[in-house]
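Asker: Read off the chains here:
Number of protein chains: 2
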Amino acid sequence: MSTPAPHPFDQALELQPQPGQGLWRGATSPAYGNMVGPFGGVTAATLLQAVLLDPQRQGEPLALTVNYAGPIADGPFDVQVTLARSNRSTQHWLVQMRQGEATVATATAVLATRRETWSAVETGFPPAPPASGLDRLLPLARARWTSAYDMRFVKGGLLSQASRPVGENADSVSLQWVRDEPPRALDFPALAALCDVFFPRLFVRRPAWVPIGTVSFTVYFHADGAALARIGQQHLLGHARAHQFSKGFFDQAAEMWGPDGELLAVTHQIVYYKE
Amino acid sequence: MSTPAPHPFDQALELQPQPGQGLWRGATSPAYGNMVGPFGGVTAATLLQAVLLDPQRQGEPLALTVNYAGPIADGPFDVQVTLARSNRSTQHWLVQMRQGEATVATATAVLATRRETWSAVETGFPPAPPASGLDRLLPLARARWTSAYDMRFVKGGLLSQASRPVGENADSVSLQWVRDEPPRALDFPALAALCDVFFPRLFVRRPAWVPIGTVSFTVYFHADGAALARIGQQHLLGHARAHQFSKGFFDQAAEMWGPDGELLAVTHQIVYYKE
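Protein sequences appear in the order of chains A and B.
Residues 1 to 275 (the working numbering) make up the first sequence, in order.
Residues 1 to 275 (the working numbering) make up the second sequence, in order.
Hints were generated in silico from the structure; no laboratory data involved.
Cβ coordinates follow ideal geometry from the N, Cα and C atoms, glycine included.
Please note: incorrect hints may appear among the correct ones.
Covered by chain A, according to a simulated footprint, are these stretches of chain B (three or more residues, beta-carbon under 8 Å) [unchecked claim]: (1) 17-28; (2) 43-56; (3) 76-82; (4) 120-126; (5) 176-185; (6) 211-219; (7) 252-263.
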């Protein structure tokens, strides 16, 4: 009997412990390649994974901020995690990703133990037809990582660029279903990566490709591990928009929902663009 | 002739260089005291200030994330800044704040040099009557820092608690004018602090005080220094809301606008609450 091959996402997140506390070695995965370097979502997931693998780890992810400090070359990288503070119900971690002597990413992660409290949702689950009735976006040849996700757009996809008149869209709002392809049970690293699957808001707003790159990316996790396990392999509904594009930087704000209307995460990023 | 005393905000941000690269010593300011420890906005501003004072600093603030790792005692603290990566137009900084051996806050800051590009705003300036026609919120005795801000609520203040029936509000949305009190010309540290002046969304939604504390706080700066200088001492318009309150944590998303409708910053935080 043969062991089934691990999912490409799990292969991409493989980390080997190195001599020295909190030091890990990984490598970029061709399956999650972007136009230049790796898909940022998998980088974020890898840095979170290094925290989750640490024997001192307590609790589940609450907040993750990843700063993309420089280009990540295809090939091996090192991840150093440091526990800055451990409290009764929260932990604060510092993470650095290096290639050779160069820091290519920094991150902070907060883990927390959740308890039952008064709860309320203020944001409405956005109306959307079910994923099963929509066509999957054809993967983009120039961004290999798009083959690793099943994305189905309700609004604000790239496909419409070919069919619409050249000019600006009225806004950069996207509403889309998304899951790993092939399907994979949802967990925190996968959700972190899914929070970065939105195409750059600039490309939704303007039908022109220019150099862009995420500078800083934050995820606040609203769901616990049990809630993620209940979602399993189902599509998530992502809703993204920008507040402003100005002087070389735009922001993005997004929510990630479970198919039954549970808010799983909110996520923000600020992105460089060239012109 | 006597020199005028510095503004209390500048006093609160005073940092003395210590032996060792990137090491500074400061102290909490009674003028910005909170119910327990200092107002988190001034802590964030202080950590940003330590980066801005560094002789290696290039560019202006683009992104700031502060993680409140543990209680900050009234008194002195040390701030260590490290330049993790310097690129042609961006710098990535790591910051740790310590009291004795304990890390009480961590932060990452991205500085950037901005250039003119295609620009667009997608979020509308929220309709609001001018600050001059609204009453200032009376400072709260239990939170000394509220004396250091002139806050005028259009919606979602705490004052309405006394007059409304006991029960939940329909939402936690606040719209409020705010500036330093006494007035002070706007700069990046002041804007970082102003991004944290919103009362906890939980207290706007529910008329009950429970222990709360910000865990992680992020600011994306959309304005450059010249734009902040043009604002000067005028009120800013802040617009804040929550997406979800669940299992001991709620989030907050907010925009900070100049009085003429310029989006200066977007800011997010995730906050612990006890019940």
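Asker: Does each hint hold? Answer for all of them.
Answerer: Status of each hint after checking the structure:
no.: 1; hint: 17-28; result: violated (count 0)
no.: 2; hint: 43-56; result: violated (count 0)
no.: 3; hint: 76-82; result: violated (count 0)
no.: 4; hint: 120-126; result: holds (count 4)
no.: 5; hint: 176-185; result: violated (count 0)
no.: 6; hint: 211-219; result: holds (count 3)
no.: 7; hint: 252-263; result: holds (count 3)
In summary, the numbered hints that this structure violates are 1, 2, 3 and 5.
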